[in-house]
Amino acid sequence: MSQPIPPDDADLPRDETVDPAAIVPPQVFRLVVEQAALAISITDAHAHILYANPTFERVTGYSQAEVIGNNESILSYRVTPKIVYETLWAQLKRQRPWNGLLVNRRKDGSRYLADLTITPVVDDAGQTTHYLGMHRDVTEVHRLERQVQNHKALIESVVDAAQVAIVLLDENERVLLDNLEYKKLIGDLGGEPAAVLMATLRPEIERARASRRSLANREVLVEQAGRTPRWFSCSISWFEEQDVSADAFYEPTKRNYLLLTIQDINELKQQQEAIRINGLRALLAEQERIQSLRETLAGAVYQLEGPLNMLAAAVKMLDRRKETSADEPLATALDDAVRNGRETLDTLRASIPDGAGEQVLPVDLNTVLRDIIKLSTPRLLAAGVVVDWQPAAELPAIPGRITQLCTLFKQLIDNAVEALNESRGGPRELRVTTLASTDHLEIVIEDSGPGVPEEWRYKVFEPFFTTKGADQQHLGMGLAIAQEIVSRHGGTLDIDPSYQVGCRMCVQLPCPQGGA
-10 MSQPIPPDDA DLPRDETVDP AAIVPPQVFR LVVEQAALAI SITDAHAHIL YANPTFERVT
50 GYSQAEVIGN NESILSYRVT PKIVYETLWA QLKRQRPWNG LLVNRRKDGS RYLADLTITP
110 VVDDAGQTTH YLGMHRDVTE VHRLERQVQN HKALIESVVD AAQVAIVLLD ENERVLLDNL
170 EYKKLIGDLG GEPAAVLMAT LRPEIERARA SRRSLANREV LVEQAGRTPR WFSCSISWFE
230 EQDVSADAFY EPTKRNYLLL TIQDINELKQ QQEAIRINGL RALLAEQERI QSLRETLAGA
290 VYQLEGPLNM LAAAVKMLDR RKETSADEPL ATALDDAVRN GRETLDTLRA SIPDGAGEQV
350 LPVDLNTVLR DIIKLSTPRL LAAGVVVDWQ PAAELPAIPG RITQLCTLFK QLIDNAVEAL
410 NESRGGPREL RVTTLASTDH LEIVIEDSGP GVPEEWRYKV FEPFFTTKGA DQQHLGMGLA
470 IAQEIVSRHG GTLDIDPSYQ VGCRMCVQLP CPQGGA
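Note that the sequence shown covers residues -10 to 505 in the numbering used here.
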């Protein structure tokens, strides 16, 4: 049955001359007190109990007969601080009500927490004649409140002790709760860490929010000017909470929250990067070993072809002469030598490792060059070379053989470092730039070394051409191999003749149409 809506005050009849006692008889007041759910007691001015209602008996365990005439102090227990009672009486002596919590003792000795309100009763002469006390047992409420507080403190302690940053955000992504690790990030990232990290993940967050799907272990790289790049692993989850306001009592509403956990994986990334670079170093070392073998075999073939060609020419001369039979054994021997030599050269050529067997995959040249610069860092530092790395902000991937491209750029950077080592005085600078054009990518490697004379501009790409002495054991195959790799990728490698302060190597590699 629905409860009737009380009428407005304006609908109630009013008669200023009517005595309230005539409207509500005194016996009704007594019944109200007797049946009240609060423990009610009335004392004289000295706190001697004159009346206690049935609820008082149920809460304290004392019957009316046992408490009438006794002081209210029979309920007191020693754990309530003395200052509480002093404050209580100071308030009552000023004829003001007092409300507070006391630890009371029941008749059976058990204790309970009483939420007590005491009101002085003042007569017409302004004298306090009685005290009205009303209290209720709030032990269970206190237990639940303290339990919630303990759980909250425990959760906060666990969250603060966590080795990952934890932050709770509301629907507008304002920070509601965070832990100590998160506070440390505020100084490290120079702003609100949640905003910085979530900005990178924004598209993925919006998709996950729409489907209420959590995000786990998303890696984010934070790069800020003047600060060391940092790697973080982020996980995001959403949850709901029932609104606890009075307005939502009959019409429940929910509030949505976002929990973001952030783990610093910079050290792990550095370890992974070191492993990857070491793997690349080992791979390129193997490629250099194969390249050295190719150079050796190609050099041997090249060196043997000259004498063998001379022998072949001698055989032809003998064939034309054949004046005496005495020349025939010599011609036969020379012919056998030429034939065996050709077979040996064919065997050597077949033994030269083929560098074109690698699978073609999409390659990010910025990543390749960054790796080669890292790989060359010890050598660059030892030579005192200052590197200016200027990658294009956006560089499309191109189809290529990544190991060959790594070999290409390592050859070019090694060649630049060797040129810088030959220069005397002046700055030691190496600039590596990547540029994206409509149909190709350009990689420019500039050094401040002695440069390449115009007459050598094309010869340096010929096999076995070297500007270094024989004592340095250079076969002159480095730039020839670089040229070969570029050709395999459909590109060009050239020296800019207009560059006058060193050497500028320009590599152009085709990229898919519309990729730039």
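To be clear, the hints were calculated from the coordinates, so they are not data collected in a lab.
Treat the hints with caution; some may be incorrect.
As the list claims (entries may be wrong) - What follows is a set of in silico ranges between Cβ atoms, one per label pair, in the way DEER data are often shown: (1) T336 - A302: 19 to 25 Å; (2) M306 - N410: 47 to 53 Å; (3) L286 - R207: 46 to 52 Å; (4) A25 - Y239: 22 to 28 Å; (5) L257 - S99: 53 to 59 Å.
Here a beta-carbon is modelled for each residue, glycine too, at the ideal position from N, C-alpha and C.
Hints versus structure:
| no. | hint | result |
| --- | --- | --- |
| 1 | T336 - A302: 19 to 25 Å | holds (22 Å) |
| 2 | M306 - N410: 47 to 53 Å | holds (49 Å) |
| 3 | L286 - R207: 46 to 52 Å | holds (50 Å) |
| 4 | A25 - Y239: 22 to 28 Å | holds (27 Å) |
| 5 | L257 - S99: 53 to 59 Å | holds (58 Å) |
Hint compliance for this structure: every hint is met.
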